[in-house]
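Given these sequences and hints, build the entire structure.
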Amino acid sequence: MTRTTTSTAAPPPAAPHPGERRTRRSAGRPRTWRDHPLRRVTPWLFLLVPLALLVTFTYVPVGNMIYYSFTDWDGVSPDRHHVGADNYVQLFTRPELFRVFAVSLYYLAASVVQIAIALWFATVLSFDLRFRNLFKGILFFPYLINGVAIGFVFLYFFQDGGTLDAILSFLGAGTDHAWLGDPESANTSLAGVSVWRFTGLNFVLFLGAIQSVPGELYEAAQLDGATRRQQFRHIIVPGIRPVLSLSVILAISGSLSVFEIPYIMTGGATGTSTFVIQTVKLAFQFNKTGLASACAVVLLLIILLITWVQRRLVPDEKVDLV
Amino acid sequence: MTLTAPGRPRRRSLGIATTLTYVSLVVASLVVLIPLAVVFLTSLKTSREVADGGGALSLPDDWLNFSNYATAFTDGHMLTAFGNTAFILLFSITGTVVIGSMTAYAVDRFEFRFKKLVMALFLIATLVPGVTTQVATFQVVNSFGLFDTRWAPILLYMGTDIVSIYIFLQFIRGIPTSLDEAARLDGANAFTIYRKIIFPMLKPAIATVVIIKGITTYNDFYIPFLYMPSEDLGTISTALFRFKGPFGAHWENISAGAILVILPTLLVFLFLQRYIYNGFAQGATK
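Chains as they are written, first to last, in my numbering: chain H, 1 to 322; chain U, 1 to 286.
FYI, nobody ran anything at the bench for these hints, they're computed from the structure. Do not take every clue at face value.
Stated by the list, open to error - Listed next, the stretches of chain H that the computed footprint assigns to chain U, with coverage defined by at least 3 CB atoms under 8 Å from CB atoms of chain U: (1) 40 to 46; (2) 65 to 76; (3) 278 to 291; (4) 298 to 305.
Said to hold, decoys possible - When the alpha-carbon atoms are kept at most 25 Å apart in a straight line, the in silico DMTMM-like pairs for lysine to aspartate or glutamate are as follows: (5) K116(U) / E181(U); (6) K281(H) / E96(H); (7) K196(U) / D108(U); (8) K281(H) / D186(U); (9) K281(H) / E231(U); (10) K196(U) / E111(U); (11) K244(U) / D75(U); (12) K115(U) / E181(U); (13) K196(U) / D186(U); (14) K281(H) / D72(H); (15) K203(U) / D108(U); (16) K244(U) / E184(H); (17) K281(H) / D74(H); (18) K244(U) / D182(H); (19) K244(U) / D232(U); (20) K244(U) / D160(H); (21) K281(H) / D232(U); (22) K281(H) / E184(H).
Small disclaimer: the values here were computed from a predicted structure and weren't measured. The beta carbon of each residue, even a glycine, is placed where N, CA and C say it ideally should be.
Below is the structure:
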């Protein structure tokens, strides 16, 4: 995983120590695959389709998007005018366009809760427990459920006289609160759904990381009389640092690009619109492709910046995946 | 690997800590299960039961009342939706596996000019979140005339799946090159080696990719929602989303629809649990 170059590929013909056998072979059979004229083209034959798709659906859009962001294009008409940085000026000066960032804070707070919960259960469940696998399954399953189905489950959950109200009155704390009715409780409720949905992923990642810590470490700690808490602080936390930092990054960029749950549940009403909902609406409902592109460019830049900062702060060994 | 060191002296006295642990686990399980269970209960109720309701937690009168499922299935066009989803799954998964393994093979087994550049292109692409570029991707898809066809999501799912490329890359590195060399001596060309040696050996990685890709594709809402607005091109996500309109506040039908969509996931999960955990742990950390 930490390899930067692939030493497994064929060594160049002028390798310093050509094996005796190979020398003999290439002398006897001059036209082996190694010096076949097609040899140079071969990797490109394999890469042709993947690269074409990559460029068409990732790089061309990014390039176009940057270009659109400087125009007033509506996405349909053939003429578009260059408007300079006007879209960006609008984006940063019209407070209603920028307000959506405040909504991200709810989700950011939610991800802190989510990571804490996931860490607790991953720690607890990596030790021997009754019904361990059952609990594991229950905690992870929400992550696999279809987002639209989750949206409906929780629309019903937060409805007037729905699941939540029924539970609360069952517990003797009956309220008459419209959970999705005002911006504050609506965003809190939606962020809660996001915790419900994504804790399982963090949990499984942490669980995997904790279990890849060699067991002898725990035994040694045990012999030294370390408490569970000390084991957690000095063995588990350092052991899963890379995954932890990855989760933080995913949490931040995820909080900025929330779309599905609020779109399905409230359609962005009552102050629950997020940056992506706003962008999608600008682009596909109000035909403001130029402005929407500027929004998207800003979001992309923020996410790239966060990723870059994280890589600076936590130099982890997973960076050089290639 | 479970951490059950035999010599571990766990204070088995059911101390406060152990009790708290179990309490937290039970509470978390209830938090996960109750919302789902209530929706399941609702799906079995008649519309009258839901309307004059004994509350969301009340039990249905008739536990075998599946009429809401029938309504959801037919009026919600779920059959078409499952068909479209299956079609998209089939092509995008096959495509992802073929493309991902070919890329990994080319990158790991060959030295060529611009190799670093190619890898950088794939690496940088992981940093670009798909949701941000859809405004412009939409125009690209549209210019190919693929808007509102099932090929739009198929191409998008195939073309942007960097995660699977990494999974294959990790795996292919573990396959000894001596196998390739031996095949070459027998006169096999690069493609034959890929097809006859590398690809069959990738089975575990393929299983991982199929599972991850399958579940994320099955659940995706954003792409089919943007690219396939026609009603007869609904996937299970968008078809379910459309329940919001016609069924209005008919929670018994909406619930049945939601359960119909969740059920296949539950079955797959129960049968493939172990692979799914590993798959996601592998996929997400790449």
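A quick look at each hint next to the structure:
Given a C-beta distance limit of less than 8 Å, the hint that chain U covers the segment 40 to 46 of chain H holds, as 6 residues qualify and 3 suffice. For the segment 65 to 76 of chain H, the stated coverage by chain U is satisfied: 3 residues place a CB nearer than 8 Å to a CB of that chain, which reaches the threshold of 3. Only residues whose C-beta sits within less than 8 Å of a C-beta in chain U count toward coverage, and the segment 278 to 291 of chain H has 5 of them, enough to reach three; the restraint holds. With a cut-off of 8 Å between beta carbons, the segment 298 to 305 of chain H has 4 residues touching chain U; three or more are needed, and the interface restraint holds.
For the suggested pair K116(U) and E181(U), the alpha carbons sit about 24 Å apart, so the restraint of at most 25 Å is met. With a C-alpha separation of about 14 Å, the suggested pairing of K281(H) with E96(H) holds against the 25 Å cut-off. In summary, the hint linking K196(U) to D108(U) is supported, as the alpha carbons are separated by about 17 Å, within the 25 Å threshold. Among the hinted pairs, K281(H) with D186(U) is inconsistent with the structure: their alpha-carbon atoms are about 59 Å apart, more than 25 Å.
A hinted pair counts as satisfied when its Cα atoms are at most 25 Å apart, and K281(H) with E231(U) qualifies at roughly 20 Å. With a C-alpha separation of about 21 Å, the suggested pairing of K196(U) with E111(U) holds against the 25 Å cut-off. Between K244(U) and D75(U) the CA atoms are separated by roughly 13 Å; this keeps the pair inside 25 Å, and the hint holds. A distance of roughly 21 Å separates the Cα atoms of K115(U) and E181(U); the hinted pair therefore holds under the 25 Å criterion.
Between K196(U) and D186(U) the CA atoms are separated by roughly 13 Å; this keeps the pair inside 25 Å, and the hint holds. Among the hinted pairs, K281(H) with D72(H) is consistent with the structure: their alpha-carbon atoms are about 16 Å apart, no more than 25 Å. About 17 Å separates the Cα atoms of K203(U) and D108(U), which keeps this hinted pair within 25 Å; it holds. Note on K244(U) and E184(H): the hinted pairing holds, with a Cα-Cα distance of about 24 Å set against a maximum of 25 Å.
Between the alpha carbons of K281(H) and D74(H) the distance comes to roughly 13 Å, so the proposed pair stays at or under 25 Å and holds. Distance restraint check for K244(U) and D182(H): the Cα-Cα separation of roughly 21 Å lies within the 25 Å cut-off, and the hinted pair is therefore satisfied. Note on K244(U) and D232(U): the hinted pairing holds, with a Cα-Cα distance of about 17 Å set against a maximum of 25 Å. Among the hinted pairs, K244(U) with D160(H) is consistent with the structure: their alpha-carbon atoms are about 17 Å apart, no more than 25 Å.
Straight-line distance between C-alpha atoms of K281(H) and D232(U) comes to about 23 Å, which keeps the hinted pair within the 25 Å bound. A C-alpha spacing of about 22 Å is found between K281(H) and E184(H), which places the hinted pair at or below 25 Å, so the restraint holds.
Taken one by one, the earlier hints fail for this structure only at number 8.
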